[in-house]
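As they're listed, the protein sequences go chains W and P. Last residue of the first sequence: 324 in my numbering, with the numbers rising by one and none dropped. Last residue of the second sequence: 655 in my numbering, with the numbers rising by one and none dropped.
Fair warning: there could be bad hints in the mix.
[Said to hold, decoys possible] Pairs of lysine-lysine, DSS-like flavour, derived with a Cα cap of 27 Å:
| id | chain 1 | residue 1 | chain 2 | residue 2 |
| --- | --- | --- | --- | --- |
| 1 | P | LYS526 | W | LYS178 |
| 2 | P | LYS512 | P | LYS469 |
| 3 | W | LYS178 | P | LYS405 |
| 4 | P | LYS567 | P | LYS414 |
| 5 | P | LYS512 | P | LYS412 |
| 6 | P | LYS378 | P | LYS414 |
| 7 | P | LYS223 | P | LYS589 |
| 8 | P | LYS589 | P | LYS405 |
| 9 | P | LYS535 | P | LYS514 |
| 10 | P | LYS326 | P | LYS412 |
| 11 | P | LYS512 | W | LYS67 |
| 12 | P | LYS412 | P | LYS508 |
| 13 | W | LYS178 | P | LYS512 |
| 14 | W | LYS178 | P | LYS514 |
| 15 | P | LYS567 | P | LYS589 |
| 16 | W | LYS67 | P | LYS508 |
| 17 | P | LYS514 | W | LYS67 |
| 18 | P | LYS594 | P | LYS169 |
| 19 | P | LYS405 | P | LYS512 |
| 20 | P | LYS469 | P | LYS414 |
| 21 | P | LYS526 | P | LYS464 |
Just so you know, the hints here were simulated from the structure itself, not pulled from any lab data.
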Amino acid sequence: MAGPDQLTRVGDATSESQDVAFAGRSQLQLAWTRLRHDRVAVVSTVLILALVLVAIGAPLVAKLVGWGPDEQDRVHGLTPDGLPVGPSTLHWLGTDNLGRDVLVRAVYGARVSLVVGLGATALATLIGVVVGVVAGYASPGVDTLLSRLMDVVLSFPFLLFAIALVSVVGPSLKISIIVIAFFSWASIGRVVRGQTLTLREHEFVEAARSTGAKTLRIMTVEILPNLVSPILVLATLIIPTAIVFEATLSFLGLGVEPPTPTWGNMISDSLPYYNVAWWFVAAPGLALLLMTLAFNLLGDAVRDALDPSAARLTRVKVRS
Amino acid sequence: MSARRYTRTAAACGLLLMVAACGGSSGGSGSSTSPKASGVTNGGTLKLLGSGDVDHLDPASAYYTVSYTLERAFTRQLVSYPSSSEISVATSVAPDLAKELPTTANGGISADGKTYTFHLRSGVQWNTSPARAVTAADVVRGLQRICNPASPSGGLTYYEDTIAGFTKFCNGFAKVNASSPTAMADYMNSHAISGVQAPDASTVVITLTQPASDFLNIMALPFASAAPVEYLKYVPDSAAFRQHTLSDGPYAITTYQAGSKIVLDRNTAWKQSADPLRHQHVQSIDITQGQGSDQAVQQQLEAGTADLTWDLPVPTADLSALKKSKTSDFAIYPSASNNPYLVFNLRSPKNSGALGKLKVRQALEYAIDKTAIGAIYGGPSLNTPLDQVIPPGQGGYVPFDLYPTADHKGDPAKCKSMLAAAGYPNGLTLTDVARNSGNHPAVAQSVQADFAKCGVKTKIVSVSQGDYYGKYLNSPAATKAGTWDISEPGWVADWYGNNGRSFIAVLFDGRKYGPNTVDYGDYNSSTVNALIDKAESAKDASTAATYWHQADEQIMKDAAFIPFQTQKVPAYHSSRVKNALWSPFSQSYDITNLWLDPTN
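Looking at chain P on its own, in the form it has when it is part of the complex (with noise of 0.2 Å):
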């Protein structure tokens, strides 16, 4: 994973995740009927206010939850996902551009497991003037521009250990002059990646290096989406390109101005026959950012001068008043998450490498009341302590705790005894680097007064979001000399259910370690990394799921980390908006299947 990647998750933590997110299943918007029920309005402004702009407009490089909210309006891929009140449905893959989901019963994927092939819908068609079908080569230019140069995707490594002949594809591209997009064009035409091929316009044929349980799941994120043709003039993500988007969706981006307004109208070339997942029931949507806080937008959706937030959070302090008003506009939606956790840094000299010994680590995963953690992030109705890496409903989750205190508050007693046993019996000086933005100060003092209870003294550094990554845990250097001992990152997987590649492997996998990494602390098991390429090459999710169960006992056997709890994600939309279905992908309403009340 790029470091983008951190930057989005750094981004969603900062502020969708702020207040809370993800976990097991819950709530319900009330009106979680079909698109197809009766009392259906159609037209009307959906309005959405915010404070940023999305991190990336082209689909290659778009990794953001707002970003996905945005491109699940004029991006389709292979498959996706349906909007579903049911999270089950909801993260379960679909046909979208292919007419069926392939299975090896009907033939899409072969014995091996190792040969995917898809086919086709008619009736896609790009906003071109005249409209124009969405081919395979489309499919195919979607797939090749992932690792362009000028803005590679964060979800690269994804494609490049699954699919054959991605790395060879992308090493090459990389080369390319990422100002020019002639050259960058010449490269996608004269060369191919050799495990996607595109027989004819309605067929895609993509051949794995091995098999993978979860291909569809990463063909389903929007990296994959089909890209036009006119693409190609334009420098990926650049002003020019977001000037330019074109849509294969619904909605079509009308307006884009950088930062404040982004406007999305009907597309005309648009068929509803065409596809299965989407709908066109407002007439368009209005982004507005700008917006200081989440306070004032949520005054205004409970108002109703706006429908739906765009990337600020529902506020935590007004969580206990939604929850006792039993209003149906509010919600609270599960993710998959493991936010905020306790990362050691297994490499620090410090303390004469007292976090390197496995000792010291479990003494210390028995410090932390996991309870006030929660609290901070608006109490135990939207987070749920949590023992182990994978969360529940995830792909691999067996609940076990192999360091239980009582009610997950901590055992200071318990911590301390075995940190004197440990050969610490002062206990240890640690420096917790800690953003100095929304709730992770408050996360780092409570941690820091949980340790003090164990005889563990803790110095905070106060860090920008920027300097975090870039100066502390993702610095190798920085890492080895010890400038941090401790900090409370979080992670959200791409997808869900059978998600391990973007969990254990990317939080676990000392292999990939590097200024890249999101193993922060360089925790490196022979046993979890033989485990991780087992699951990965799994042929069905339940063999794998096996393989992940088995990697998250080891990993926590190891305490290369403490895990906090897992969230669930708050949620809130005016009362005109009809049919809200929860898309846990861009933890968001799905605005192409919501209507507006007109009477509201």
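Isolated chain W (complex conformation) (with noise of 0.2 Å):
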């Protein structure tokens, strides 16, 4: 189906592309152009600003709904044998095992994953752009440090490794952001490296080199608005990664402290219920599902718009 429509889409491009030649547009305002006409991106872009207004506007819902994130309502929420209650006009979306109303603590979860994902991509493009610079640009000493510690990272056991580092310094959000980043930032750093080692070949940096200009000068000036691409593609698939980082740490009891809702520890919480409780399960996975689906299409959306040619060869692999 996104075949044939795919390729006009291209070929619009490609004709658009022609047109601006004499407009002057640069390469990201042309990936804009793409993307506003990329029906995927648009509808998981509107999902996920969705989604990000729930979350900020979690304190509303609550009050719409009528029960704070943390309130036990212990007449009308459990049954008599202590078992979450179903949907109803009092709980919108039923209630959990401590008779909580799912709906609104799933809302207040969606911050929570927000920030975990934001803030742990965010961390982790800083350090893996610093990293993957230096190790492109700098003496090839520099470069087989940086590189092998980047191997390190990328064939560290993940969840062993935080699972142990949780239970040395406790569960916390910062320890989650701090964690995700770290096993995050190795695959950005690679991809920048190698991005470098092309870059400082090219004659623009050997211009601004001749004209002496300082090291940090040319890896932020000349090089680093050419990786704003590759940076962008990689940073807006991490943060769905991220977030399901998240949620595995939290259903392992290993995330935020309770009684702080994420959707990884409501489907931990959940999983005992499933067969009397859909609903409680079903409220933080699907949101889970939503959000990192969303991100991921959003991610594949702006790859193919960033480099048109890279996301027909991947296609193509795809189907092979």
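The two chains are supplied separately, each in an independent frame; assemble them into the complex guided by the hints.
In structure tokens, the structure reads:
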């Protein structure tokens, strides 16, 4: 289905780029135009914006529903045997095992997911770009050292390390972000290093060097702007991974401390009740699915927009 | 009690008691007929399904409900408990290896209450080839092995505190090379426990340091199982030992694969005439481990592809439906528990030592909605609110409630005003260390919500089961530093009835405070300590009960802890299991008394 559509779209983009050769639009402006015309990108962006709005407006949702995220409704929110109660006008998406409103908690859970997802991604991108550019531009000795470091990080067993670290320092939001960032930066670092290695041989870099530009200036002013596209693509794709990492940590009881709701700890809490309280597992489960799906689709779309030829290649590869 | 004790309790509370446990008497599995009843079918394979292994297989150290289930089939003690649908019968000591219970009337207990004489039953045999009679020397050896240096028993102090010369024997034994079976055998052969004598092959005489009305309960614990001379060849509870267990019970372990499978088959050396408590109905018993969830096991039991659960509880979520179904395969049984409860760290320097102040603790006693805790564990049919240390049915139980609230739902206003009167009008900030699995996080959050209504802020610190005891509750340094202020552990007594020694003495004897204590918060009251001494040395159970009750009252006056509830245990078996008799000690059905209905 996407095939012919895709082709026309790419064709459009190409003809457009011919137009803009005269208008003098930048590569990012081109990408933005392509992105705007990608239906999947638009839908996933709207979805993400909606989730962000809901997360920001969580207290309003709580007010509207009438229950706080940690408020335990022991009168109407539990059966006499202590089981969660299903959706009703009182609790729109039912209650959890402590009689708390599942909808309100799921909405608050979006906050943790977004904070950790975006926070960890920002941190990972920062580390990855710095290490990658330095490795790619500095002396071979430094490059070897940093490249091996990235290899080590990439071959680290994430969960084992996370479990060990959290049991030593204790779980918290900060630790979740740091742990996830630590395991995500190396993939960016590698790509950035590779790109830097190619870029440093280009004439404009040579030119800058011959005019006496300092190393730091070359790295930041000459090389970095040319890395924006791959960084943007990788960062968008790290966000959903980070969100799933956070959910995994919370699921294992290694994430944010209770009673703060996260999708991971809600799913964990709901497991013993899955066959009597579907809403309890469904709400956080679907929310997690939607958010990661939206970020993944957006990431794909950003990549397509920034580098249509690479996108075609990937598609072919996936098909074969 | 050694650290092992907590491990087991922890495990019990984590697995078996995760959903519920313990309390008054109720339910019954429908077919609680006597084993002699018509329609008894012999043969078939009883299938048990569960998640993990025994804690130890060696009777000297095995201290977990599933280990008890297994030990019922392959070990015997001087005295034990009959299986019965009547809880009072099932928790009253009966003769096992001994011909009769020693009493003052039959001369088995001396007039001063300090000497117990047991005469062994004839016809009890080990499954050696050829089969060999179980002798007094085997009983003595079993007691000696309790404090072997390789894998000492978690119940060691019960014996050290009662039997003359036990501590001296054990102090010497502790210095022996724990990896050398020969060195340990030499020590056992050359040293004796002065209070344990075998004047002839069928008589055991035990001398106590002081009278102990609960001594037969202590002797009925599986730690005191008879041990054959062959056990001296192995390091206790080692892998080699686990492959060479011998049996004097109706079944023998024929396959033991750690963490995956245990198979028991009929012991041909066993004679029904020499065993008043057990039977040999089923042909073999097959225990499969490695199941991930209680729900998976429950589904198999309902489908009939397995018969009993090994270590996983009936899922809380299924209880409602099971109760409604009125099936006779489901029942609810009592247990001697105070689980969970809230322990105060009386040494915490935080909040300028608030928890060390009586008035503060008394205020907090009013804060908890005990029915909400019960709801987490399956609601009021399984959980009874408790306002004291001793639960119903246990020695010294006299109901009283020093901090009453309507329907046990808590009184935040009263808590708040009392807290203000105690000098904390702005409340407190407490650190609650909670295990990160099972029902523990929910309990901590329920307590947090209750305390918040009383103006007390609670920070929950989630930790793993291992860290929970090692890094927090059992660490005097961490306790003194105030790394935790409150926590919600649980306690299940080792026996029923006259069990103050396994309840109040364990939880509140401040003289025993240290890294191996269950008195986590370092409560220490000279009044309570004196009452414990009087109760433990009382000559009869009713005198002991009086003292235990007085201690109970003093502990609650001191608001040493907040009791939440006592629990009952829900149990389920496949429909082909008949004569399912509940064993309160192993909190499972007695595998040596049931039979399988082939038509089902």
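Status of the hints after comparison with the structure:
no., hint, in the structure
1, LYS526(P) <-> LYS178(W), "22 Å, holds"
2, LYS512(P) <-> LYS469(P), "17 Å, holds"
3, LYS178(W) <-> LYS405(P), "24 Å, holds"
4, LYS567(P) <-> LYS414(P), "25 Å, holds"
5, LYS512(P) <-> LYS412(P), "18 Å, holds"
6, LYS378(P) <-> LYS414(P), "43 Å, violated"
7, LYS223(P) <-> LYS589(P), "23 Å, holds"
8, LYS589(P) <-> LYS405(P), "35 Å, violated"
9, LYS535(P) <-> LYS514(P), "18 Å, holds"
10, LYS326(P) <-> LYS412(P), "61 Å, violated"
11, LYS512(P) <-> LYS67(W), "23 Å, holds"
12, LYS412(P) <-> LYS508(P), "20 Å, holds"
13, LYS178(W) <-> LYS512(P), "21 Å, holds"
14, LYS178(W) <-> LYS514(P), "16 Å, holds"
15, LYS567(P) <-> LYS589(P), "16 Å, holds"
16, LYS67(W) <-> LYS508(P), "20 Å, holds"
17, LYS514(P) <-> LYS67(W), "25 Å, holds"
18, LYS594(P) <-> LYS169(P), "9 Å, holds"
19, LYS405(P) <-> LYS512(P), "13 Å, holds"
20, LYS469(P) <-> LYS414(P), "12 Å, holds"
21, LYS526(P) <-> LYS464(P), "33 Å, violated"
The structure fails to meet hints 6, 8, 10, 21 from the earlier list, while all remaining hints are met.
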